[in-house]
Amino acid sequence: MKKAVFALVIITILFSGFGLYHVFKKYNRFENPNAARPQLIVYTHSSFMDIYGPGPQIEEAFEKECICDLKFIDAGGGQMLLEKLKLSPNQRVDVVLGFDQLILKTALLSVGWRKLEVPEQTYHPIFKNNHYKTFIPYDWSPMTFITRSEKPYEPTAFKDFINSVPNASLSISRPSISTPGQLLAFWVYALSGQSKDGFKDLLGVLKNKIKFQGPDWSASYGLFRKKQARYGWSFLTSLLYHSEKAETEYKAVPFTEGSPVHLDYVGIPDSCLSCGLAQSFVDFLLKPEQQKILVEKNYMQPVVQLDLPQLEQLPDLKTYNFENMDAIVDQRTEIINIWESIIQ
Amino acid sequence: MYFLLPFAYFIFLLIDRSQSPKIHLLSLLTISGLSVFQAFISSLCIMFIGALLTYGLMAVKNISRYKVFLILPAMTPSLFIMTSCMGWAQLSGFELQPGLLAVVLIHTLINAGFAGLLIHELILSRMGSQWQLARIEGAGRWQLLKASFSSLKSELLIITAGFFLFCFTSFSVPLILGGSFAKTLEVLSYEQLVLNADLSGAFIVSIFQMLIYASLFILIRQRRDLFLSAKQFDFKDYGFPGLALILTLIIVALAYSGLIWELPRGVSELFTNKNAIDLLQYLTARSIFYSLTSGFIALVLASFMLFNLGNPLMHKLMVAFGAISASLLGISFFVWNIDVQWKLLYAYSILYFPIAYRFYGPAVFSKLYGQNQILQTLGGSQWQNFTHILLPQALPSFLRLAGLVAVWTLGDFALSSVITGETETLALFTKTILSSYRTEVASVLCVFLLFLCILIYLLFEGLSYVSRKRLSIEH
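If you read the protein sequences in the order shown, they are chains A and B. Once you know that position 253 of the first sequence is 253 in this note's numbering, the rest is easy, because the numbers rise by one and skip nothing. Once you know that position 204 of the second sequence is 1204 in this note's numbering, the rest is easy, because the numbers rise by one and skip nothing.
The hints are simulated quantities; they were obtained by calculation from the structure and are not laboratory data. Accuracy of the hints is not assured; some may be wrong.
The calculated lysine-lysine pairs, modelled on DSS-like cross-linking and capped at a C-alpha distance of 27 Å, are [as the list claims (entries may be wrong)]: (1) A:Lys292 / B:Lys1274; (2) B:Lys1274 / A:Lys64; (3) A:Lys287 / A:Lys196; (4) A:Lys115 / A:Lys84; (5) A:Lys86 / A:Lys115; (6) A:Lys207 / A:Lys251; (7) A:Lys297 / A:Lys71; (8) B:Lys1469 / B:Lys1367; (9) A:Lys292 / A:Lys64; (10) A:Lys105 / A:Lys64; (11) A:Lys226 / A:Lys196; (12) A:Lys196 / B:Lys1022; (13) A:Lys200 / B:Lys1274; (14) A:Lys227 / A:Lys159; (15) A:Lys128 / A:Lys71; (16) A:Lys251 / A:Lys133; (17) B:Lys1022 / A:Lys84; (18) A:Lys159 / A:Lys207; (19) A:Lys71 / A:Lys207; (20) B:Lys1274 / A:Lys297; (21) A:Lys71 / A:Lys292; (22) A:Lys196 / A:Lys105; (23) A:Lys292 / A:Lys200; (24) A:Lys86 / B:Lys1022; (25) A:Lys71 / B:Lys1274; (26) B:Lys1316 / B:Lys1367; (27) B:Lys1067 / B:Lys1469; (28) B:Lys1367 / A:Lys245; (29) A:Lys226 / A:Lys297; (30) A:Lys105 / B:Lys1367.
Here chain A is said to cover these stretches of chain B; the calculated rule only asks that three of the stretch's residues, wherever they fall, bring their Cβ under 8 Å from a Cβ of chain A [as the list claims (entries may be wrong)]: (31) 1270 to 1277; (32) 1332 to 1341; (33) 1422 to 1434.
Every residue, glycine too, gets a C-beta built ideally from N, C-alpha and C.
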């Protein structure tokens, strides 16, 4: 016993030393006053910057082009990211990647942003809907329910869909804390004619069909993939991932009203230090080569016109055009409160 | 000061922004009631299954082979346990619907093993000698158990309060499986931050949470120390043979089968990515560093508490401090402009030390308080009393406390992800992998993390054992 404990202590000391070495090695590298290369700090979300995401490839390619150091930092998403920007105005950030359209208005009011220049090239029609001078979309995807099925799903109206699916068969993310969930809530609200009573009626039916409301997309879609639910609310482009893994049984549900669209935006805050480099990064992100990486690693659709075989395999879903998204977003708290009171 | 300093700047920011809270009082009171109810039911279930396990452990000669498996669920990220349970539920045709039942079930699965070990140790240490005597006198099994549980009521209440705290401040489980009826104040605080950017509201929720817990602490007074003798007793006749093995197998199967099934695919996907292997080595070293350093800091803090044994108010405040909100703590640290390593270490100690202290601190305090009074009367210097008499007696318990903190630090991703955006630890890496489609790789990382948790746990248990032997702690 004593020998075992002694051995454990020695192993621990070795690991601690190894760990300390890595801690200070990293510390010194970051604080190196002799670093000749300019730095670019990019706030983004975890799935973008992890080793399986597009971040590492984009970082490598950009650093070669700009002869600079690009550093991605996981700042979470949505409101949390904005709060971090507001609470720490002196914390260095040059680019923010990963805002969705639901948070842009709040972002504009909370923090100052630089006007962006849009590179000249052929863009997907979805890009033309962008009316913000300070934010540019860099990828997008319709959102719908994904299911396992031998045959493609026939187009259906949303009301018919929720009436036909079995009880406790849907896995979604919670609107109160997740953007995909919020988009679902806003879409259902819009489909009800933006009437509170119509919204409550639809939710009354939907309530029995929902099995899980996960805290985020990964939890809810993960539960769907583990066959805990028959349908998962997700991006249409999830099919790109399943196709890559030869999982051909996954199908998207096309809605006759059209599916809501999720867009990811990039912006440069006024407080940027490497502002020129930041604009170069935005231009870089919109190049066809990087857009291809976003398709292959971020599993989202490009905002530029690209001919890729995997994109051709995606079903051509009709997209839903929100008449007045800003007005719906302004009612966010009320919509979510109604949702929470009915969907339990 | 050490525990309140991070909030000082945050409170200053709140005042500076003059942001009024957006939370409704009715909502706060409703969820407080639901949190208390859920925590109460969960802790009762945990203690019930724990008591059954204790009954089984009595029949086991050497429980050390069970210890690791029983304490493991408490170290595992709850998402994996939930997914595994739901898989079993589906197989058995039983629908695990989100709500109170699901939350209670998962909380019980996570903590019942630990509860069983604590109750087992409690009975042996406090009732060991009486049981030996009673056995000679011919007392029956049920007579003994009934008498033991009656006389250990207050100690069992203390242990139950510890699990109540855990369930009351639970975040991941009610967030995923709670629905509306099993929401906790921690989830409410998080929603205020994420949905409304309502920092004032989140702060108020957090204070409310702490007040509720502190009131509970005032109601439950500990009269004597929990664990006494380190002697080994043999009560095989009084235990139920095989029960411990059956319950342990059930716990392990329910909690981990979901991970095992995904391992082959996860391993092949992980090892085809060279960057992943490099990152894994790097993060393993850093994670162990954070874990061991947190354990060491916990040891120092516990020693500091012991040094100030003459001040019972400090001990009471520490026990009442257990219910701090992890989301709010994370945001408070995020706004500090210091290096992320020091932020994380400081934050871990604030979050985990009070909880661990709740399990071990009161016992040490009540045992040594009287001794300290006598020593001071006899005129010994505080430093001498501390180093020669008090610390040697407290060290075994403090090492176990440090071990708990170290293990929790190793598995933490909720607090870390709010404080830092960099992939600093293995747990954070697992979380980012979960956010992409690669749940199988996340399962592999989780199993590796569990393996490290076991190593760290065994290290501190071993050190505690050696210190007890060396310092000859006998009663």
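Hints, one by one, checked against the model:
no.: 1; hint: A:Lys292 / B:Lys1274; result: 22 Å, holds
no.: 2; hint: B:Lys1274 / A:Lys64; result: 20 Å, holds
no.: 3; hint: A:Lys287 / A:Lys196; result: 43 Å, violated
no.: 4; hint: A:Lys115 / A:Lys84; result: 21 Å, holds
no.: 5; hint: A:Lys86 / A:Lys115; result: 19 Å, holds
no.: 6; hint: A:Lys207 / A:Lys251; result: 23 Å, holds
no.: 7; hint: A:Lys297 / A:Lys71; result: 18 Å, holds
no.: 8; hint: B:Lys1469 / B:Lys1367; result: 19 Å, holds
no.: 9; hint: A:Lys292 / A:Lys64; result: 18 Å, holds
no.: 10; hint: A:Lys105 / A:Lys64; result: 35 Å, violated
no.: 11; hint: A:Lys226 / A:Lys196; result: 35 Å, violated
no.: 12; hint: A:Lys196 / B:Lys1022; result: 22 Å, holds
no.: 13; hint: A:Lys200 / B:Lys1274; result: 51 Å, violated
no.: 14; hint: A:Lys227 / A:Lys159; result: 24 Å, holds
no.: 15; hint: A:Lys128 / A:Lys71; result: 30 Å, violated
no.: 16; hint: A:Lys251 / A:Lys133; result: 36 Å, violated
no.: 17; hint: B:Lys1022 / A:Lys84; result: 19 Å, holds
no.: 18; hint: A:Lys159 / A:Lys207; result: 13 Å, holds
no.: 19; hint: A:Lys71 / A:Lys207; result: 43 Å, violated
no.: 20; hint: B:Lys1274 / A:Lys297; result: 16 Å, holds
no.: 21; hint: A:Lys71 / A:Lys292; result: 21 Å, holds
no.: 22; hint: A:Lys196 / A:Lys105; result: 23 Å, holds
no.: 23; hint: A:Lys292 / A:Lys200; result: 42 Å, violated
no.: 24; hint: A:Lys86 / B:Lys1022; result: 18 Å, holds
no.: 25; hint: A:Lys71 / B:Lys1274; result: 20 Å, holds
no.: 26; hint: B:Lys1316 / B:Lys1367; result: 15 Å, holds
no.: 27; hint: B:Lys1067 / B:Lys1469; result: 20 Å, holds
no.: 28; hint: B:Lys1367 / A:Lys245; result: 61 Å, violated
no.: 29; hint: A:Lys226 / A:Lys297; result: 22 Å, holds
no.: 30; hint: A:Lys105 / B:Lys1367; result: 60 Å, violated
no.: 31; hint: 1270 to 1277; result: holds (count 3)
no.: 32; hint: 1332 to 1341; result: holds (count 5)
no.: 33; hint: 1422 to 1434; result: holds (count 7)
The structure shown violates the earlier hints numbered 3, 10, 11, 13, 15, 16, 19, 23, 28, 30.
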